[in-house]
Amino acid sequence: MESIVSEAQRLGVKSVAAGYTRSHDQMVRFSNNSITVVNSWQTETPTVYLASNGRRAACRMEDQRHEEIVKVVKELVDSMKVTPRGEVDFELPKGPFNYQEIDGIYDKSLAGAETELIDAAETAINSAKKEGAQRVSGVVISGSWEHHVLTSAGAEGSGKGTGIEITVRAFADDDATGQGISIATNLNRFDPAGAGKTAGTIARKARGATPGKPGKYRVVFGPSIFANFIDHAADSASAYSVDFGLSFFQDSLGKRVASEKLTLYDNGRLPNGPGSIAIDDEGYPTGETALITNGTLKNFLHTSYTAAKYNAQLTGSAQFEAGVAGMLPAARNLIIKPGGEKVEDLFNKTQTGLYITNNWYTRFQNYRTGDFSTICRDGVFEIKNGKLGNPVKGLRVSDNMVRILKSIEALSKERQWIRWWEVPTPTLAPYMLANDVGITTVSK
Amino acid sequence: MEEEARLAIEQALKSGAQYAEARVQRDLAHTFTLKNGTAEPIMTTRKLGIGIRVIVDGSMGFASTNSLESAKIRSSSETAVSTAKAAARLVSTPIRLAPEKSFEDKWEVRMKIDLQEVSIEEKFEALHSIEKALTPELVGVSLPSRILLLDEELTWKFYANSEGSRIRGFVPRISLYFILTAEEKGKGTVQRTLHEAQTRGWEAVKDWNPPVLAAKEAKMLGKILREGVSPPRGEIDLVLGPEVTGIICHESCGHPQEADRILGREGAQAGESYIKRNMLGHRVGSEHVTIIDDPTLPNSYGFYKYDDEGVKARPRILIENGIITDLLHNRETASEFNVSSNASSRASAYDREPLVRMGNTYMKPEDHELNELLEDVKHGVYMKSFMEWNIDDRRYNQRYVGLEAYMVQDGMVGAPVRNPILEITTPALYGSVDAVGKEMEFSGATCGKGDPMQGAPVWTGGPPIRVRKIHLGG
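Quick note, the sequences are listed as chains A and B, same order. Residue numbering for the first sequence follows this note's numbering, beginning at 362 and increasing consecutively. Residue numbering for the second sequence follows this note's numbering, beginning at -16 and increasing consecutively.
In case anyone wonders, no lab produced these hints; they're calculated from the structure. There could be a bad hint or two in this list.
[Said to hold, decoys possible] Label-pair ranges, simulated between beta-carbon atoms:
hint, chain 1, residue 1, chain 2, residue 2, range
1, A, Glu507, B, Ala411, 23 to 31 Å
2, B, Ile300, A, Pro445, 21 to 29 Å
3, B, Arg79, A, Gly569, 35 to 43 Å
4, B, Glu(-7), A, Leu548, 33 to 41 Å
5, B, Arg93, A, Arg371, 33 to 41 Å
6, B, Pro281, A, Arg371, 43 to 51 Å
7, A, Tyr671, B, Glu303, 51 to 59 Å
8, B, Asn19, A, Gln674, 23 to 31 Å
9, B, Glu(-7), A, Glu363, 33 to 41 Å
10, A, Asn487, B, Asn19, 54 to 62 Å
11, B, Gly171, A, Lys774, 32 to 40 Å
12, B, Glu186, A, Glu428, 48 to 56 Å
13, B, Arg209, A, Glu507, 39 to 47 Å
Remember, predicted model here, so these are calculated numbers, not experimental data. Every residue gets a Cβ at the ideal spot worked out from N, C-alpha and C, and that includes glycine.
Put together the whole structure using the sequences plus the hints.
Here's what the structure looks like:
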């Protein structure tokens, strides 16, 4: 990293952030109660982010040859010379900083775990079958990582962490399915049996589902689908989305964007947090940022670039992302403040409506307005007279994201950590009751 | 690359694998972005590494490293073997590969204008020329957000397996991607996402004529905002443009006919399929519906000559005259179905296991002009392009929300229709197709599947088609 920073500075670059990640991950995939593949990855990834006089360039290198890394720095500097000037000249956060260690994010017994993953898959399969599943599919992944950041502004720090996660999908019938999740930073908090049990129970109860009917419903959303909504809300709360004109929170800072029941924050240094790390990729210490407080949009997440452009405070949210812009502001652990009610109380409050456990394939008509639809996946149940009723199928939530957030009536006390295919950012989500939710079905 | 692959296979076999393959892959990608007329950072991605896949006693292991040092390669091979061995106790159906011919070959897609020879200035100039064409005076509508991207990716790959295959390939890919948001006072906003993509050099960008393409889309957005009317209620006929035909073929034919989904291998993520093992020969559409997946289409975004198991690519007829005739197979699923692989195994990078994927999926054209499809519609809608879409994980219940769409009355195209929604099952949709046009068009797309997620470059396409007796929903 020193060579990246010094070479870029030698070539006249004003601001340089170099990153280096070493990771070792293993994944067991299973379907039909049988392991289909074991994946193992060992990766070392240097990253470079350069900014000078309003111009920026970035590179992610999954290529360990040192001569290539130095060559890339020169190429990036050359490319900046002919890049059209950007809107904002900014500086990286001036260090040094003190990065306090975060409790509970590293478990040395997880580094190189192999047998544990296979055992976890077996435990989850058996647990789901015990509840009535015929077939069980899923994925268990564990990993360890070390991350280092060095900047030309005097920031230097590093962190390490571990994680283990399981997503279990139980099939009690072809279209009677349920999902369970457990994610943790250490083995003690990891619960594959619980994930299997949840998946198996939902699948069993979803047997014999009949086609649901379109309309406006009072809906209790389970933690998985609510976490998916919140993940999209956090994307919209990234100043990058706002800057690109692709946020449904555009021009909404300080305004009501959700019901007063919703308080949402991001905490990059949460103890035991699956996404926790003490340092962001521009060298700034991570922390807690209130995004929505009692329904009001309080802050956007920022990098140095967006903070300079919008005259805002840094939030320690810079993350190097391969793709469009190199350095993006993004959430690390999304926390939804719990409500005061039990899940059963939410059903009772609903009286007549639906309980949707999970979803997939959320797509927007228009990122700016928040008009979207998403497919209900796994168990969906009627709520009648305040109690859970028969399973239904073939439904789609077709609505507007801000309208749903504004219609939140209640949140449960119980919360669950969610991260899976449809929820990339770890999210601690309760059950949520919303009103007048648009539900559609096929015409034939 | 050859030496590293040889070493990996040798070590895997020595460690106890009955089958081993290695893929050394180098990717170089650049993204150039113009956001509302100003440059975003040039983003470069460089990858170089090796992925090793083995079968040990019917159990599969995959390991990768982005170090090409001999010790790291040997260690990765040993890991692939040892993890496969450890998992064998939980493998109830032993994994086997269908026998295939081995090849020794070198292939490449040649660029007329090498992407690496085109200057950065010229690439930004291409984006600036679009920006200039989008001024409100020229397109007649305000565009508060204009995101324009050029994406280029060069991939060098060497594949070898323990059965004797040795294949070296090179593919350049270029994409133009834009998101335009149009706004009209009192009428709200509407957004258009468009993706042109080919396996070609810079000559592709010249052929697309991006300023004309973008301006045409922007004018269309303005017209929708100013003149758009609500979709009709009740039973109507629907003519779908090539872009909509393409996404339908991809989502509700290509995906459900991936044999790994049918076997349940993607059950926890991308899902399974409404198609069961015994449905070959089953009717799922009208006699006008023939859908093909063909990775060998010249210049196509999903082009490849050999798949990532070293099997030579060929077209696959998935549905012929409404009947399911083939599935997409890799060697593992082919073995399960007791057939040969049809070269559908693709991996997005050195560190991803190959999965069953599409290449370029399209509906076979027939002989109607667009006007002929429209003139027979008494009361209906012509949905030329789409915005929001999704489909359930069995690929049965799908929805497409029209973007550029028009009323059709007595065969005449009328006012724009705002947000017509087609929400329908797969057999009902394919069963209602009564005529297929002849003018083909393709769109670029990045198809997502697998865990970790793998994005595969594909084309989706086809001609315009007519669908009878539909209720628009939402």
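To see whether the hints hold, each was checked on the structure:
no.	hint	in the structure
1	A:Glu507 x B:Ala411: 23 to 31 Å	violated, 53 Å
2	B:Ile300 x A:Pro445: 21 to 29 Å	violated, 48 Å
3	B:Arg79 x A:Gly569: 35 to 43 Å	holds, 37 Å
4	B:Glu(-7) x A:Leu548: 33 to 41 Å	holds, 36 Å
5	B:Arg93 x A:Arg371: 33 to 41 Å	holds, 38 Å
6	B:Pro281 x A:Arg371: 43 to 51 Å	holds, 46 Å
7	A:Tyr671 x B:Glu303: 51 to 59 Å	holds, 56 Å
8	B:Asn19 x A:Gln674: 23 to 31 Å	holds, 24 Å
9	B:Glu(-7) x A:Glu363: 33 to 41 Å	holds, 37 Å
10	A:Asn487 x B:Asn19: 54 to 62 Å	holds, 55 Å
11	B:Gly171 x A:Lys774: 32 to 40 Å	holds, 39 Å
12	B:Glu186 x A:Glu428: 48 to 56 Å	violated, 32 Å
13	B:Arg209 x A:Glu507: 39 to 47 Å	violated, 56 Å
Checked against the numbered hints given earlier, this structure breaks hints 1, 2, 12, 13; the rest are met.
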